[in-house]
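J.: With these hints in hand, go ahead and build the complete structure from the sequences.
Protein sequence lines, in the order shown, are assigned to chains A and B. Counted from 1, the first sequence has number 184 at position 184 by my numbering; the numbering is strictly sequential. Counted from 1, the second sequence has number 116 at position 116 by my numbering; the numbering is strictly sequential.
Do not rely on the hints blindly, as some may be mistaken.
To be verified - With a straight-line cut-off of 27 Å between C-alpha atoms, the simulated DSS-like cross-links for lysine-lysine are:
(1) B/259 - B/227
(2) B/177 - A/132
(3) B/285 - A/132
(4) B/140 - B/85
(5) B/227 - B/95
(6) B/52 - A/132
(7) A/132 - B/85
(8) A/132 - B/95
In short, the hints are calculated from the structure, not lab data.
The lines below spell out each chain.
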Amino acid sequence: MALEVDWGIDPRAYRYPSSRDETLARRLRRAERKRQHAAWLLLIPAVVFLIVALVLPIGSILFFGISNVSVRHTMPRTVAALANWTGNQLPGPEAFKAVVADLRAANKTRALSDSAQEINHRYPGASSLLVKSGREVATWPPNAGQTELIAFDSVWSDLELWRAIKSASTRLTPFYILTALDLCADWNGRVHWVAADHRIYLDYLGRTFWICFVVTSFCIILGYPLAFLIASATPGASRLLLTLTLLPFWTSILVRLAAWVIVLQQNGIVNSALTTMGVIEQPLALIYNRFGVYVAMIQVLIPFVVLPTYSVMRGIPKNLMQAAASLGARPIPAFLQVYLPLSLPGVAAGALMTYIIGLGYYITPALIGGGNDQMESSLIARFALSDANWSMAAALAIVLLTSVGVVYFVFSRFMRFDALKLA
Amino acid sequence: MLTLNLAQARDFTVASWGGALQEAQRQVYFAPFSKLTNIHVQEDVYDGGWGKFKAMIDTKQYVWDVVNVESGEMQRGCEEGAFLKIDWSKIPGGKSAFIPAAAADCGIGAYTWAFVVAYDSDAMKGKEAPKSLADFFDMKKWPGKRGMRKGPRFNLELALLADGVPAASVYRILNTKEGVDRAFRKLDEIKSSIVWWGAPAQAPDLLASGSVVMTIAPNGRIAAANKAGKHFKMIFKPGLMGVDFWIALKDSPNIAAAKKFLEFVSDGKRQAELAKLIPYAPTNKSGETYLNSQEKETLPVGANIANALDTGSTEANQFWVDKGDELIERWNAWLR
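T.: Quick look at the structure:
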């Protein structure tokens, strides 16, 4: 007798899909595609908004950092005359005539001032030379050129000046980005470091990254226990602690910095208290130095670590630690092997946010720090607001943005992206 | 068209430096001007530099009508054709009624200021008090921190003045590499003790809190602190002087009101009233007649500024336009 088992199912039903099943599968796929299309369509307004409000404006500003804006428009004859100039010796008389014509046309306009500045970045002294010459050429005969210019000011016979004009007349230029990295390119295209007593930008960049690293580390060290406390407290206490953590957000940062000045200054609260208690003889230097910058920045940036960490910790079941204990783990190994890895995504998100926000800080070091504590953004602010040198500001911004991108890339390789939880 | 109409709807706006200075200007200029002409004066704060002007000129969105600027910006705006050319025939007294440094093509001198060495005489009780700029650099006799304004401008000039260079030669010497090196060498003597201030209001605060023993400061802020009860002393000589200017933006929609305002603030008596509130000296020569001798002692007038270096001269501004970028780079490297 053959062993026949009645499973109650018809084996033929699972060999090929029937015609009714086929339509169902196809209908399912079509519905799925429609849902995906709808999802993409919903995304389009957000993408358009991002492009119009973020990418285009910031892109156009950053373009200043890699382009020459003024000379090409103000001195077209000169630009044309120098188009095929090799730069190995002084240009011919047509170039001088072209300069005179351009100066005459541009005299007393905003355009000449801007162009003069653009050339001055490469050749200090060019600004007043061009403006002075512009005023002078108005009195010259129409075909004035080389002899008159050099007679007016012998600087016009300096090859480096003409090289500077040529460098400022191209559409795109690497000059500003190179300067922002303490580099310069000589006429043959060789790139080398600028003179030692002019090297500042990489220092600023390095210092900015270091300060943010220290601040982020301490924010994690101080913020993790606070988040743990908030997550494991009773609901009432937890709400109170959360409010206290968020309270500083409601005060202006300048007010907070002014408060730190009062607390940390030489006759301030901390020093007075320590001196009265007899702990110290001379007041400590707590402000206008790196220590003050760290303290102020940590206080401002701690909530950015506490909040994501807390919200992740809230999702960790409270009985996990008890389960670990019941399996024989002592408290510290239990914490290290069970709780910490689970809370790490929140810490990672908080650390990333704190670091990137900290990179943009410059008011705190400006008010609380010393001369050696200023950060990259203060350079950008000075170039943009005070000097109106938007090319340099944009170049520095490009450098900072790229560095942030590199940090984020390294970070996301280090920690798997899907492990990051921001809320 | 719409934006043009919106721009017309803006109030007449004056921008100045904020703080004690702007409060005094409000009392002496803005409020009386409003009362006299029925034009409401909207105030704003200007932090210095050219960035804001460049943005306004490039976009043709003029948010200010009259601004209280430093001489560098006044000259730049004049060169670029953005500031109104002053019609001196309409100003009572004309150019000759003003000190030479204050009668410019595109600006009327608002007040004369000086950068002084300031110290707290209460803190110096029983000790010998500093008497000159050279004492600012004497770390042996007066150990302790020094306050200085951020940036190379004014500080390089002060260093050369303290090193004995006469005021007339400072910019000529600074235009050479040896001159710049000399200025930096002098500053090296106090470099490790310098506390840098950015906003002028910080300088008297540093003195008051004892954070510094001596500070370079604008004379007006120190005098305002003295009015509030402090006993700061000022050393004028040798020092820096400058004139800040009222300018009008040529293409602003409220240019008619701006012209009236410029005429209003050129009056010597009113300038003297400002000097009584905050000791920035009148630029209109007739203003001095309204001051008594005690006031003239703490003001940048007469003997106090006789040999001071004019930081707003064409020579000075041209120097900084040319060499500013380079020197700022060197300055930041030196700060390391």
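J.: Decide, hint by hint, whether the structure agrees.
T.: Hints and how they fare:
1. Of the pairs offered as hints, the one joining residue 259 of chain B and residue 227 of chain B is violated, with about 33 Å between alpha carbons and a cut-off of 27 Å exceeded.
2. Distance check on the hinted pair: residue 177 of chain B and residue 132 of chain A sit about 23 Å apart at the alpha-carbon level, within 27 Å; holds.
3. Using a Cα cut-off of 27 Å, the hinted pair residue 285 of chain B and residue 132 of chain A is violated, with the two alpha carbons roughly 31 Å apart.
4. Distance hint between residue 140 of chain B and residue 85 of chain B is unfulfilled; the C-alpha atoms sit about 51 Å from each other, more than 27 Å.
5. About 33 Å separates the Cα atoms of residue 227 of chain B and residue 95 of chain B, which puts this hinted pair outside 27 Å; it is violated.
6. Restraint check: the Cα-Cα separation between residue 52 of chain B and residue 132 of chain A comes to about 25 Å, which is no more than 27 Å; the hinted pair holds.
7. With a C-alpha separation of about 19 Å, the suggested pair residue 132 of chain A and residue 85 of chain B falls inside the 27 Å cut-off, and the hint holds.
8. Taking the CA atoms of residue 132 of chain A and residue 95 of chain B, the gap is about 24 Å. The hint holds against a cut of 27 Å.
Going through the hint list in order, the structure does not satisfy hints 1, 3, 4, 5.
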